[in-house]
Amino acid sequence: MQVTATSLRRLVARIMVLGLFALFFSACHLDMYDQPKNKALTASDFFANGSSARPLIDGTVSRGGLKIDARTTGREGGDPTAAYVTTNPISIDANVLARGEARYKIYCASCHGEKGNGKGPAAGPISKGGLGLKMPALFYVDQLKGKVVANESFTLDQAPDGYYFNAISHGVPNLKYDPTKPETADNPKYTMFPAGFRIQIVDDRWAIIAYIREMQKNPPAQK
Amino acid sequence: MAQVFNRRTNTIVRLGIFVGIPVILALLTATWWYYTRSDWVRDVGVAHAKVQPAGNIPGAGGYSHQLHVGGLKLDCRYCHTGVEISSNANIPPTETCMGCHAQILPKSPKLEYIRNSYEKDEPVQWNKVNDLPKFVYFNHSIHVAKGVGCSTCHGNIASMAVVYKTEALYMSWCLNCHRAPEKFLRPQSEIFNTAWTPPADQIAQGLKLKKDLNIRTSSQLTNCSICHR
Chain A
7 MQVTATSLRR
17 LVARIMVLGL
27 FALFFSACHL
37 DMYDQPKNKA
47 LTASDFFANG
57 SSARPLIDGT
67 VSRGGLKIDA
77 RTTGREGGDP
87 TAAYVTTNPI
97 SIDANVLARG
107 EARYKIYCAS
117 CHGEKGNGKG
127 PAAGPISKGG
137 LGLKMPALFY
147 VDQLKGKVVA
157 NESFTLDQAP
167 DGYYFNAISH
177 GVPNLKYDPT
187 KPETADNPKY
197 TMFPAGFRIQ
207 IVDDRWAIIA
217 YIREMQKNPP
227 AQK
Chain B
941 MAQVFNRRTN
951 TIVRLGIFVG
961 IPVILALLTA
971 TWWYYTRSDW
981 VRDVGVAHAK
991 VQPAGNIPGA
1001 GGYSHQLHVG
1011 GLKLDCRYCH
1021 TGVEISSNAN
1031 IPPTETCMGC
1041 HAQILPKSPK
1051 LEYIRNSYEK
1061 DEPVQWNKVN
1071 DLPKFVYFNH
1081 SIHVAKGVGC
1091 STCHGNIASM
1101 AVVYKTEALY
1111 MSWCLNCHRA
1121 PEKFLRPQSE
1131 IFNTAWTPPA
1141 DQIAQGLKLK
1151 KDLNIRTSSQ
1161 LTNCSICHR
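Here the protein sequences come in this chain order: A and B. Under the numbering used here, think of the first position of the first sequence as 7, with each following residue one higher. Under the numbering used here, think of the first position of the second sequence as 941, with each following residue one higher.
Just so you know, not all the hints are guaranteed correct.
Said to hold, decoys possible - Dumping the calculated SDA-like pairs for lysine to any residue here, alpha-carbon to alpha-carbon at most 20 Å:
1. B/K1060 x A/N193
2. A/K182 x A/E158
3. A/K45 x B/E1024
4. B/K990 x A/D40
5. B/K1074 x A/M38
6. B/K1074 x A/D51
7. A/K45 x B/P1033
8. A/K45 x B/K1068
9. A/K125 x B/G1010
10. B/K1074 x A/T48
11. A/K45 x B/F1075
12. A/K111 x B/A1098
13. A/K45 x B/S1165
14. B/K1074 x A/P42
15. B/K990 x A/A49
16. B/K1060 x A/P188
17. A/K111 x B/H1020
18. B/K1151 x B/H1083
19. B/K1068 x A/S57
20. B/K1060 x A/S50
21. A/K45 x B/P1032
22. A/K111 x B/N1133
23. B/K1060 x A/L62
24. B/K1074 x A/S50
25. B/K1148 x B/A1120
26. B/K1150 x B/F1124
27. A/K111 x A/I205
28. B/K1047 x A/N193
29. B/K1060 x A/R60
30. A/K111 x B/G1089
31. B/K1060 x A/S58
32. A/K125 x B/L1007
33. A/K111 x B/V1023
34. B/K1013 x A/N123
35. A/K45 x B/L1109
36. B/K1074 x A/A49
37. A/K45 x B/R1169
As the list claims (entries may be wrong) - Pairwise CB distance ranges, derived in the manner of DEER restraints:
38. A/E120 x B/P1049: 29 to 35 Å
39. A/A104 x B/P1073: 38 to 44 Å
40. A/A19 x B/A987: 40 to 46 Å
These are calculated hints, taken from the structure and not from any lab test. Please read these numbers as outputs of a predicted model, since none were measured by experiment. Heads up, the beta-carbon is just placed ideally off N, CA and C, and yes, glycines get one too.
Required output: the full structure, derived from the provided sequences and hints.
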């Protein structure tokens, strides 16, 4: 076929149309990338504190979560004024202990040490990048002798499981807490980890305690 | 009829065909590649790190994974509590920082913003670094459960003073792994090890893991509705 001026012009026109199509096929779609919906932790200017998530109303209970017993409070019968439970309310087997060990390494070992000797990487002197705090060596009974626990009459090695549960769930009881005043940031009932780590799965806390008890019974070899 | 075009036009047309069109096509291809395949447009790399509330200069108050994870050996799950149980990995609330910083550096001006946030109950507004479009469904828990470690997607976080993107997060990148996950799978004990490197026989090990973990076939994992729901 002979290439004439007209066919050339048509060709050029076609290429231009194709080019236009190429433009239609690409880009210009960012509105679907950023839709006006909120995903977890999205910021929002609608609420005063800038968060799109709303805090739970006091006393909110998740569906199926309304169980107030020894397992969820660490107290006999779930009564907040009753004595701490002395035995672990979950049944313990090798799997639970393994789970407890793994969770202990995530949440506690950085301060209390992998071997429970209080020599975790975050525990050392500030000059070495640590917290500069005197760490309790949780797990060696002879080191614990005589150290009476804050606000209580027992030593840490004698402390009931429920006491450990409360320390994990709320923090360490504040020695200077004044029960006659309301509980505020200046008058906290608990210190150290203020709601610090959220070990959301309640049974994980009991698994950690089971593992700590196991360590107290058979202290791992120190090097 | 008289000639409409003179002879010179031939040269112009030839130039147009042999130079102009290739140049236009090359430009189009380059533009397409730049916007859909390249790392540059996606802020990959430390030079493009998102600026966080306290600035990005290490040691000036910004949160540093290098210090807290590399130095203090904190586990990812200490802060990113959702990563094993939810689609969202979770950024820690101020309380998690205050658990330590109520006592460590309690007066430091560098941590003023953390204390302010705690006292006023206003969350710190971290800027999202890895940000998928809202029409994509992603889930951390399945990847962590099925042998994909943090560093495959986020790089060596423990060595980062400031978090930056290490992957452009294109769809082709997700599919690349969903077609052949064995290239990236690692044993369960290494998931949170950010310095993990694949062994020499990665493919063999990966195929074994793939079988043990019951990972679905490539055609099932590249089904559009897995990621677009």
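I'd like to know which numbered hints this structure contradicts. Please list them from smallest to largest.
none
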